[in-house]
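Enquirer: Now for the letters of each chain:
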Amino acid sequence: DTEVTQTPKHLVMGMTNKKSLKCEQHMGHRAMYWYKQKAKKPPELMFVYSYEKLSINESVPSRFSPECPNSSLLNLHLHALQPEDSALYLCASSGGVAPKETQYFGPGTRLLVL
Amino acid sequence: QKEVEQNSGPLSVPEGAIASLNCTYSDRGSQSFFWYRQYSGKSPELIMFIYSNGDKEDGRFTAQLNKASQYVSLLIRDSQPSDSATYLCAVTGGSARQLTFGSGTQLTVLP
Chain H
1 DTEVTQTPKH
11 LVMGMTNKKS
21 LKCEQHMGHR
31 AMYWYKQKAK
41 KPPELMFVYS
51 YEKLSINESV
61 PSRFSPECPN
71 SSLLNLHLHA
81 LQPEDSALYL
91 CASSGGVAPK
101 ETQYFGPGTR
111 LLVL
Chain V
1 QKEVEQNSGP
11 LSVPEGAIAS
21 LNCTYSDRGS
31 QSFFWYRQYS
41 GKSPELIMFI
51 YSNGDKEDGR
61 FTAQLNKASQ
71 YVSLLIRDSQ
81 PSDSATYLCA
91 VTGGSARQLT
101 FGSGTQLTVL
111 P
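Protein chains in written order, with the working numbering: chain H, 1 to 114; chain V, 1 to 111.
In isolation and in its complexed conformation, chain H is listed as follows:
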């Protein structure tokens, strides 16, 4: 089973709202990721959690705040977003050891900021 789940599937929020995206995996993977993908572009890495600790932050604005409550869950807290933040937000998890470590993506949350 290589399933990563994400909720909600769709989200519409105003620029003053606070919302959270959730991601869950039960594959025993110890690394989890947030990506942002704009239309007709490849995914852009935002954050990496390794063993529940933030290991990579790709200079993401502070209006995006990740959280890893445990090894199966990953959240992305959103606050004061801008319309240009509208995108598909993808969660991924990875297992195995390099060079065989492989990332599996969830279905994504499509976010629209008004």
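Honestly, the hints are just simulated from the structure, not real lab data. This one's a predicted model, so the numbers in the text were calculated from it and none came from an experiment. It is possible that part of the hints are untrue.
Calculated lysine-lysine pairs in the DSBU-like style (CA-CA distance at most 35 Å, straight line) [said to hold, decoys possible]:
| id | chain 1 | residue 1 | chain 2 | residue 2 |
| --- | --- | --- | --- | --- |
| 1 | V | Lys-42 | H | Lys-38 |
| 2 | V | Lys-67 | H | Lys-53 |
| 3 | H | Lys-19 | V | Lys-42 |
| 4 | V | Lys-2 | H | Lys-36 |
| 5 | H | Lys-18 | V | Lys-42 |
| 6 | V | Lys-2 | H | Lys-22 |
| 7 | V | Lys-42 | H | Lys-41 |
| 8 | V | Lys-67 | H | Lys-38 |
| 9 | H | Lys-38 | V | Lys-2 |
| 10 | H | Lys-53 | H | Lys-22 |
| 11 | H | Lys-53 | H | Lys-9 |
| 12 | H | Lys-41 | V | Lys-67 |
| 13 | H | Lys-9 | H | Lys-38 |
| 14 | V | Lys-2 | H | Lys-41 |
| 15 | H | Lys-18 | H | Lys-53 |
| 16 | H | Lys-9 | V | Lys-2 |
| 17 | V | Lys-56 | V | Lys-42 |
| 18 | H | Lys-22 | V | Lys-42 |
| 19 | H | Lys-100 | V | Lys-2 |
| 20 | H | Lys-40 | H | Lys-100 |
| 21 | V | Lys-42 | H | Lys-36 |
| 22 | V | Lys-42 | H | Lys-53 |
| 23 | H | Lys-100 | V | Lys-42 |
| 24 | V | Lys-2 | H | Lys-19 |
| 25 | H | Lys-40 | V | Lys-2 |
| 26 | V | Lys-2 | H | Lys-53 |
| 27 | H | Lys-100 | V | Lys-67 |
| 28 | H | Lys-40 | V | Lys-42 |
| 29 | H | Lys-100 | V | Lys-56 |
| 30 | V | Lys-67 | H | Lys-40 |
| 31 | V | Lys-56 | V | Lys-67 |
| 32 | V | Lys-2 | V | Lys-42 |
| 33 | V | Lys-56 | H | Lys-38 |
| 34 | V | Lys-67 | H | Lys-36 |
| 35 | H | Lys-9 | H | Lys-19 |
| 36 | V | Lys-56 | H | Lys-41 |
| 37 | H | Lys-36 | V | Lys-56 |
What follows is a set of in silico ranges between Cβ atoms, one per label pair, in the way DEER data are often shown [as the list claims (entries may be wrong)]:
| id | chain 1 | residue 1 | chain 2 | residue 2 | range |
| --- | --- | --- | --- | --- | --- |
| 38 | H | Met-15 | V | Ile-18 | 46 to 52 Å |
| 39 | H | Thr-7 | V | Glu-5 | 31 to 37 Å |
| 40 | V | Gly-9 | H | Gly-14 | 34 to 40 Å |
We treat Cβ as the ideally placed atom computed from N, Cα and C, and that holds for glycine.
On the provided structure of chain H, position chain V as indicated by the hints.
Expert: For chain V alone, coordinates are given in the frame of chain H:
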């Protein structure tokens, strides 16, 4: 800066033909190479990964890696209309957890 280049397409092939998707990368230290398929409006789905020189086959898909030429390809045999999607090449370098993606190749298989 690490770069991954793909022929952006779009690439059209008739049903039953072989589709050939190509990818080059700039970082000689790259270790692992992945092909993801992404249907419009959906998330990327892993098709294959390869980390040793040569060919790796899985059903109708064959991944080919040539580290000396810094080249990786994906062949899709007996292409079907359901193969119509964007194919993303991704590469890991020093960190197994940092994927660098190419811009993707849009493939259309014509019935």
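Enquirer: Next step is simple, just say for each hint if it's right about the structure.
Expert: Hint check:
no.	hint	in the structure
1	V:Lys-42 x H:Lys-38	holds, 12 Å
2	V:Lys-67 x H:Lys-53	holds, 33 Å
3	H:Lys-19 x V:Lys-42	holds, 22 Å
4	V:Lys-2 x H:Lys-36	holds, 19 Å
5	H:Lys-18 x V:Lys-42	holds, 25 Å
6	V:Lys-2 x H:Lys-22	holds, 30 Å
7	V:Lys-42 x H:Lys-41	holds, 13 Å
8	V:Lys-67 x H:Lys-38	holds, 30 Å
9	H:Lys-38 x V:Lys-2	holds, 20 Å
10	H:Lys-53 x H:Lys-22	holds, 17 Å
11	H:Lys-53 x H:Lys-9	holds, 26 Å
12	H:Lys-41 x V:Lys-67	holds, 26 Å
13	H:Lys-9 x H:Lys-38	holds, 16 Å
14	V:Lys-2 x H:Lys-41	holds, 17 Å
15	H:Lys-18 x H:Lys-53	holds, 23 Å
16	H:Lys-9 x V:Lys-2	holds, 32 Å
17	V:Lys-56 x V:Lys-42	holds, 26 Å
18	H:Lys-22 x V:Lys-42	holds, 17 Å
19	H:Lys-100 x V:Lys-2	holds, 20 Å
20	H:Lys-40 x H:Lys-100	holds, 28 Å
21	V:Lys-42 x H:Lys-36	holds, 13 Å
22	V:Lys-42 x H:Lys-53	holds, 28 Å
23	H:Lys-100 x V:Lys-42	holds, 25 Å
24	V:Lys-2 x H:Lys-19	holds, 34 Å
25	H:Lys-40 x V:Lys-2	holds, 20 Å
26	V:Lys-2 x H:Lys-53	holds, 25 Å
27	H:Lys-100 x V:Lys-67	holds, 16 Å
28	H:Lys-40 x V:Lys-42	holds, 12 Å
29	H:Lys-100 x V:Lys-56	holds, 14 Å
30	V:Lys-67 x H:Lys-40	holds, 28 Å
31	V:Lys-56 x V:Lys-67	holds, 14 Å
32	V:Lys-2 x V:Lys-42	holds, 26 Å
33	V:Lys-56 x H:Lys-38	holds, 31 Å
34	V:Lys-67 x H:Lys-36	holds, 29 Å
35	H:Lys-9 x H:Lys-19	holds, 13 Å
36	V:Lys-56 x H:Lys-41	holds, 27 Å
37	H:Lys-36 x V:Lys-56	holds, 30 Å
38	H:Met-15 x V:Ile-18: 46 to 52 Å	holds, 49 Å
39	H:Thr-7 x V:Glu-5: 31 to 37 Å	holds, 35 Å
40	V:Gly-9 x H:Gly-14: 34 to 40 Å	holds, 37 Å
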